[in-house]
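S.K.: Spelled out, the chains give:
Number of protein chains: 2
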Amino acid sequence: MKILKSLFIIAFVVTILVPFSHAEDQKVRWKLAMTWGPTLHPFVDTVESMANMVETMSGGNFVIRIDASNKHKSPFGVFDMVKLGQYDMAHTASYYWKGKDVAFLPLTTMPFGMTTPEQYAWFYEGGGMALMQEVYGQHGMLSYPGGNTGNQMGGWFRKEINSLEDLKGLKMRIPGFAGQVLANLGVTVTNIPPGELYTSLERGTIDALEWVGPGMDIKMGFHKIAPYYYTGWHEPATELQFLVNQKAYDKLPEKYKEILKVAMKTASYDMYIENYHMSSEAWSSIKEDYPNIKIKTFPEEVISAMVDSNDALVVQYKNENPMFKKIIESQEAYMKKSREWTYISDYLYLKSISDAKK
Amino acid sequence: MKILKSLFIIAFVVTILVPFSHAEDQKVRWKLAMTWGPTLHPFVDTVESMANMVETMSGGNFVIRIDASNKHKSPFGVFDMVKLGQYDMAHTASYYWKGKDVAFLPLTTMPFGMTTPEQYAWFYEGGGMALMQEVYGQHGMLSYPGGNTGNQMGGWFRKEINSLEDLKGLKMRIPGFAGQVLANLGVTVTNIPPGELYTSLERGTIDALEWVGPGMDIKMGFHKIAPYYYTGWHEPATELQFLVNQKAYDKLPEKYKEILKVAMKTASYDMYIENYHMSSEAWSSIKEDYPNIKIKTFPEEVISAMVDSNDALVVQYKNENPMFKKIIESQEAYMKKSREWTYISDYLYLKSISDAKK
Chain A
1 MKILKSLFII
11 AFVVTILVPF
21 SHAEDQKVRW
31 KLAMTWGPTL
41 HPFVDTVESM
51 ANMVETMSGG
61 NFVIRIDASN
71 KHKSPFGVFD
81 MVKLGQYDMA
91 HTASYYWKGK
101 DVAFLPLTTM
111 PFGMTTPEQY
121 AWFYEGGGMA
131 LMQEVYGQHG
141 MLSYPGGNTG
151 NQMGGWFRKE
161 INSLEDLKGL
171 KMRIPGFAGQ
181 VLANLGVTVT
191 NIPPGELYTS
201 LERGTIDALE
211 WVGPGMDIKM
221 GFHKIAPYYY
231 TGWHEPATEL
241 QFLVNQKAYD
251 KLPEKYKEIL
261 KVAMKTASYD
271 MYIENYHMSS
281 EAWSSIKEDY
291 PNIKIKTFPE
301 EVISAMVDSN
311 DALVVQYKNE
321 NPMFKKIIES
331 QEAYMKKSRE
341 WTYISDYLYL
351 KSISDAKK
Chain B
1001 MKILKSLFII
1011 AFVVTILVPF
1021 SHAEDQKVRW
1031 KLAMTWGPTL
1041 HPFVDTVESM
1051 ANMVETMSGG
1061 NFVIRIDASN
1071 KHKSPFGVFD
1081 MVKLGQYDMA
1091 HTASYYWKGK
1101 DVAFLPLTTM
1111 PFGMTTPEQY
1121 AWFYEGGGMA
1131 LMQEVYGQHG
1141 MLSYPGGNTG
1151 NQMGGWFRKE
1161 INSLEDLKGL
1171 KMRIPGFAGQ
1181 VLANLGVTVT
1191 NIPPGELYTS
1201 LERGTIDALE
1211 WVGPGMDIKM
1221 GFHKIAPYYY
1231 TGWHEPATEL
1241 QFLVNQKAYD
1251 KLPEKYKEIL
1261 KVAMKTASYD
1271 MYIENYHMSS
1281 EAWSSIKEDY
1291 PNIKIKTFPE
1301 EVISAMVDSN
1311 DALVVQYKNE
1321 NPMFKKIIES
1331 QEAYMKKSRE
1341 WTYISDYLYL
1351 KSISDAKK
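In order, the protein sequence lines correspond to chains A and B. Just so we're aligned: 149 in my numbering is position 149 of the first sequence, and the numbers increase by one with no gaps anywhere. Just so we're aligned: 1057 in my numbering is position 57 of the second sequence, and the numbers increase by one with no gaps anywhere.
Isolated chain A, as found in the complex (with noise of 0.2 Å):
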């Protein structure tokens, strides 16, 4: 009787202990809120790149649900579900939020800003990450890069642009801070909800309109009405992010942790290379179906005067907002050196090839 008590006692002793040496398998539910729709490629197959990734990592047991716009119904809502706890974390874009802080928008992209791998150099290596965080930090919430689009195109017209002057009174869809850098050149900056887009442009509604790529833009229909496809200027690397409520991943176990920030960065380098795929796929088959569109870049004045515009304006926001300074500063001197980099490796082997077969 004696050893089948003490066998009782250790038999006790274990079962009690080893589900706790198993502690950090608990069972994790998340709920995540995306600005886009259900089937915006390839934002959509980011997250749910990453939610799958995050799932198998750790067997089964840190499931990620995915709530699409037309579930939560507030695509510019996810940032309070998130600061509030509403959703655990969300997917969407930093720029989108400049209006509470102008601070937000360098985030994303700027015009004539770095290219992509330039900007996941700042980013990771340049002190990006740090000072994106000092921002997010201030509501309570985590932010990481979310998936790159690469760079986009200026847009779809449907007149030749040739002078600075062919910009004015030109009713162009560009949203945002770069529609205020064509504003202040004398172009009529319309927003118009994506649905209404085909129809404003074959119409005359508008004479030209951005929206992000070839791969993005093929399913939009576009290249049907407008003939000339202008190179980027405005946004040459957007960068989407993921929104992390901060006391929610505190109470993650750390594998977890780990987990989650190792699959959402790989899910963001991924769409930059999805999206490049999807671009040169697409491209070619526009090309293909429409050979009489034409990829034109803006004239020399035309850029020149950009410039002049968007400095301008960045300068004014530098003066009203000193974590917009501090943000552009760093991406500035960190673009001196990096752009440099560019022309000298892939920039002047691509320009040797294609003089070489001149």
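Treat the hints with caution; some may be incorrect.
Covered, in the sense of this in silico footprint (three residues per stretch, anywhere, with C-beta under 8 Å from a C-beta of chain A), are these stretches of chain B [stated by the list, open to error]:
| hint | region |
| --- | --- |
| 1 | 1103-1114 |
| 2 | 1250-1260 |
| 3 | 1276-1285 |
| 4 | 1330-1343 |
In silico PhoX-like links for lysine-lysine, alpha-carbon gap of 25 Å or less [claimed, not checked]:
| hint | chain 1 | residue 1 | chain 2 | residue 2 |
| --- | --- | --- | --- | --- |
| 5 | A | K357 | B | K1325 |
| 6 | A | K351 | B | K1336 |
| 7 | B | K1351 | A | K358 |
| 8 | A | K294 | B | K1261 |
| 9 | A | K27 | B | K1257 |
| 10 | B | K1358 | A | K336 |
| 11 | B | K1261 | A | K261 |
| 12 | B | K1159 | A | K351 |
Hints in this document: simulated from the structure, not taken from any laboratory. Beta carbons are placed, not taken as given, at the ideal position from N, Cα and C, and that holds for glycine.
Got chain A; can you put chain B on it based on the hints?
M.R.: What follows is chain B alone, placed relative to chain A:
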């Protein structure tokens, strides 16, 4: 007494079952062999970062020990060591195995080949991963991208290259396939161990050499003795690789498989970004300390001759090796579309800014 007995039985059964319900959290100890020594940054950082991610994401249960070449003494033996299961995995580069099978060569980079984003898009979206596995599967191994150097420089030259004639008799250290391309244009190609490169260049045993790019070249000190730094042509997107023993991989629990794959992928993307950073910082520092160093691009007739020499060698290998042919044709088809997008997006963006500043 009956109650005690029942309790004992319940406790005993639970004690047996609980550990099984967490059977996935098994301890796994792996060994990785690097081709490199322990201080070759950023290559070594990539491996350490991968192993750290794996360890943290597995809650300390999946640990990878890293052996540098000073430990295992066989930099180019890592292929066979992983194949035979002496190591579970390796960090190396695919083009080192072209002596075994030339199909290994284009899985690293090719002269006048894809840039880094183009190549990642080919690997992950354009069928590259499946082709790579076709080659490595024959050897009982899995292969994954292992970090990209970005566009490598054409090398350090003591004399300027103004014509094809200047290549004749030029003594240059440039190993592998690119060396063959130059040898066919009259260059005397030599292979000198890394430790002797500086002295060889200084004493004129060689007139030129290629290494990687500013980030890694700066420690070698070549900028102190060679005034011309030529832009790249022969390794536009050198991708390192992780090799994994198939049997060792098959034994991993599902969640460790995903943890390993995601960690390798993230670490690889990260190396591209880290080396981007290192190169822009290093070039900025070299330029400041040695203002007389000139960035040069080979003249058009030299580039054209290199392209022709490269094309002729590629045709020769295509005829000799059907798998090499299959991979090259996949890359050529992919590059045709993706290069056009590269020109339209980043290239014309950079060009338009550069032109506007003139």
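S.K.: Now tell me, hint by hint, if it's right for this structure.
M.R.: Here is what the structure says about each hint:
no.	hint	verdict
1	1103-1114	violated (count 1)
2	1250-1260	holds (count 5)
3	1276-1285	holds (count 7)
4	1330-1343	holds (count 6)
5	A:K357 - B:K1325	24 Å, holds
6	A:K351 - B:K1336	16 Å, holds
7	B:K1351 - A:K358	17 Å, holds
8	A:K294 - B:K1261	42 Å, violated
9	A:K27 - B:K1257	20 Å, holds
10	B:K1358 - A:K336	17 Å, holds
11	B:K1261 - A:K261	15 Å, holds
12	B:K1159 - A:K351	23 Å, holds
Checked against the numbered hints given earlier, this structure breaks hints 1 and 8; the rest are met.
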